[in-house]
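> Chain by chain, the residues run as shown.
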Amino acid sequence: MLYDKHGPALVAYACSFVADAAAAEDVVHEVFLRLLSAEIRTPDVPVAYVYRAVRNAALNARRSGQRNVQLDANNSVFERRDGNREAALALQHALAELPEEQREVVVMRVWSGMTLEEVAAATAAPLNTVASRYRYALEKLRERLRPYERTENRARENGK
Amino acid sequence: MENKRDKFEEYLSEFQPRRPRALPEPAVGRQVWMRRLAAAATIAIALASSLWFVGKKNEWSGKELVARNPAAIPETNSEPQPLSLLPLTQLAFENPAQLDVELARASRRELPDFRGSESTLRVLAKE
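Chains as they are written, first to last, in our numbering: chain A, 393 to 552; chain B, 280 to 406.
The following block holds chain A by itself, in its conformation from the complex (with noise of 0.2 Å):
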């Protein structure tokens, strides 16, 4: 199912929007609740709707004066198996420092599993640029994230 699927990645999506893990999870589910409901008529493309819908779902929530939640380490979106917050929390802040477009094609491609083929045609943007956006998008996150990969794969090698 859809949201089996792609909730996950929906919700770090949303979080990029309402800079709050347990709005972004809200958005995500209502979103889902109306799409059951048949509120909502699924168009041919529905992982491509899906994320428009959540995208404008979040930014009405963040319209609608919700509060500013900032960051910290328990409202986290993203969980990593060795419990590295740290890092799970700089990632959630890199990816809501990234323009728009490069943040949904790294999204759909790394979480969402989606090709950049299929990533090209859920956001109707020519593949070239699809790549190029996540190229970029890449660079910036590596750049973020250097310092906490960097301890990892010291450990990991001192962990040989």
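Note that these hints are calculated values from the structure, not bench results.
All C-beta atoms in this analysis are idealised placements derived from N, C-alpha and C, irrespective of residue type, glycine included.
It is possible that some hints are incorrect.
What the hints assert, rightly or not - Derived CB-CB ranges, DEER-like:
1) B:Arg284 to A:His485: 17 to 23 Å
2) A:Leu508 to B:Ala317: 30 to 36 Å
3) A:Glu492 to B:Gln295: 21 to 27 Å
4) B:Gln295 to A:Ala547: 15 to 21 Å
5) B:Ala320 to A:Gly475: 31 to 37 Å
6) B:Arg314 to A:His485: 22 to 28 Å
Unchecked claim - Here are a few chain B residues that sit away from chain A, every Cβ distance over 12 Å (derived from the structure):
7) Lys286
8) Glu293
9) Pro303
10) Ala319
11) Leu365
12) Asp379
With the hints as your guide, set chain B onto chain A.
Just chain B now, with coordinates in the frame of chain A:
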């Protein structure tokens, strides 16, 4: 470069976004029921329309057959009874008037056979 990007993608995928809470059961159930209902309605409509179409088709083909060959209309009310000699002879002895009625009725359905040596037409022609 590609290798570096792949490694970083792998690193990113180690971060798992929070799984949203489950959708309430009634919503899921209602959707399932709506789907089932829609599927049942579709099947019923398809079945009804195909039955109607088959019925209509038979009707059309019957009309077409009649239009092409009016003789193809089956006679339902009066089945032709072949004239057999024995009951007619018996009737001639017992009730000649009734024989005339029977022969008159039969003559409307069957032409007299003129090919036989004793046929009515041959006898009339001789006279």
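> For B:Glu293, is the shortest CB-to-CB distance to chain A above 12 Å, so the non-interface label stands?
violated (6 Å)
> Classify the label on B:Lys286 as holds or violated, using whether its beta-carbon is more than 12 Å from each beta-carbon of chain A.
violated (9 Å)
> Cβ-Cβ distance between B:Ala320 and A:Gly475: within 31 to 37 Å?
violated (51 Å)
> Over 12 Å to the closest beta carbon of chain A is the bar; see if B:Leu365 clears it.
holds (81 Å)
> Please confirm whether B:Pro303 is truly not at the interface, meaning its C-beta sits more than 12 Å away from all C-beta atoms of chain A.
violated (8 Å)
> Does 17 to 23 Å hold as the CB distance between B:Arg284 and A:His485, or does it fail?
holds (21 Å)
> Please check whether the beta-carbon of B:Ala319 is more than 12 Å away from every beta-carbon in chain A.
holds (17 Å)
> Given a hinted range of 21 to 27 Å, is it respected by the beta-carbon distance of A:Glu492 and B:Gln295?
holds (22 Å)
> Checking a non-interface call: every C-beta of chain A should be farther than 12 Å from the C-beta of B:Asp379. Is that right?
For B:Asp379, whose nearest Cβ neighbour in chain A is about 82 Å away, the distance exceeds 12 Å, so it holds.
> At the C-beta level, are A:Leu508 and B:Ala317 separated by a distance inside 30 to 36 Å?
holds (35 Å)
> Assuming the hint says 22 to 28 Å, is it satisfied by the Cβ distance from B:Arg314 to A:His485 or not?
With a Cβ separation near 41 Å, B:Arg314 and A:His485 fall outside 22 to 28 Å, so the hint is violated.
> Take the C-beta atom of B:Gln295 and the C-beta atom of A:Ala547, compute their distance, and say whether it sits inside 15 to 21 Å.
Given about 19 Å between the Cβ atoms, the range holds.
The structure does not agree with the numbered hints 5, 6, 7, 8, 9 stated previously, though it agrees with the rest.
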